[in-house]
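Quick note, the sequences are listed as chains A and B, same order.
With the working numbering, you'll find the first sequence wraps up at 501, consecutive numbering, no jumps.
With the working numbering, you'll find the second sequence wraps up at 206, consecutive numbering, no jumps.
The hints are simulated quantities; they were obtained by calculation from the structure and are not laboratory data.
All C-beta atoms in this analysis are idealised placements derived from N, C-alpha and C, irrespective of residue type, glycine included.
Derived, one-sided and incomplete: chain A residues facing chain B with beta-carbon distance under 8 Å:
#1 Asn417
#2 Leu427
#3 Phe434
#4 Leu476
#5 Ser480
#6 Glu489
#7 Phe492
#8 Gly493
#9 Gly495
Stretches of chain B that chain A covers, calculated by requiring three or more beta carbons in the stretch to come under 8 Å of a beta carbon on chain A:
#10 137-144
#11 193-203
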Amino acid sequence: DVKVTQSSRYLVKRTGEKVFLECVQDMDHENMFWYRQDPGLGLRLIYFSYDVKMKEKGDIPEGYSVSREKKERFSLILESASTNQTSMYLCASSPGGGIRNNEQFFGPGTRLTVL
Amino acid sequence: RKEVEQDPGPFNVPEGATVAFNCTYSNSASQSFFWYRQDCRKEPKLLMSVYSSGNEDGRFTAQLNRASQYISLLIRDSKLSDSATYLCVVNRGGSYIPTFGRGTSLIVHP
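Isolated chain B (complex conformation) (with noise of 0.2 Å):
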């Protein structure tokens, strides 16, 4: 099992859509987590820390399942700016070290 899997996607909803994505993990010891997003040919941008208690930040609502090592990210009402790819970081262990999926490619059509 890779240390952090996401689904590639692309995903492809029309604008006001609900979007969840979902990225397991493998180390159970593991403390940190975050959703970055990424546009195309930038830089990683933090998009939000993801807490044991959940967290929202407007439209956007990350979740932890310690139980079943997944973190969550839920888009509401998506916006063509929404469009881009969403990184799931985890740290190893209880470490600082980060680990990066792979992404989700997220598409919002008109």
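Same shape as in the complex, but just chain A (with noise of 0.2 Å):
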């Protein structure tokens, strides 16, 4: 089974904090992807990557940035944060190489409460 694991459930940080979260997955996948989910608005993509030292943005990168180094992990940051990014993160990976290969395999997601 594909496994992705994020490195914490809940997290509580104060406003201005820099906070990295963590996400590994352990079936080499190509591509992985940060999301945040909040209530009314669905997922929503931040930025992803789909190899080694590469990202792109996604729909509502400000205020985050990434750090893919190795295949498996796939860092998050929020530089300074703000209240506002207070929400629920998702990691996901997926496999590559082909539109049959899009199948998202999440993590169990990091809550984030920004005091």
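Assembly of the complex is requested from the two constituent chains, each provided in isolation within its own frame, with the hints serving as guidance.
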């Protein structure tokens, strides 16, 4: 079974802090994604990566950055956390290599609260 | 028109009922379509992929209508355990980048 793990289930940070959310997948997937999910807004794509050291902006990248130094690990960074970044953050991976390999496997999510 | 649209519901149905959800998409070049299920406070999980010929998995049937740009999910003989939010996912054009609908809530009651 594919496993996607996230470093924390719950996180509380203060405004202005730098926040790191870590995601690791164990199935050698090419593609990795970071989303946030908010009530009424659904899942929104923040950043994604299709290869090591490669990253692409999603729909809402402002206030975030990412790092993919190793294939299995994709980190989301909030440079200076703000209260409007309080949300559920979900990491996902997909195999890549063709349109039939787009199934996404999700981690359990990190509920981040910024005070 | 939003990229991927779903009726948020909730759809409130008795056990044993048949229920259907539709999802419309705006990019005619999209080639990958999925239904995911998300339980409360859990991550989304793939329910089924949607192929041009349609596909069936037990009580679940998914169809694709390219001409009208929508996909559908039919659930027969609903169970209490089917209560969840169902997310429609369409990939953008020919890419692997997904767009998620906001989900349709299903509540199955005794």
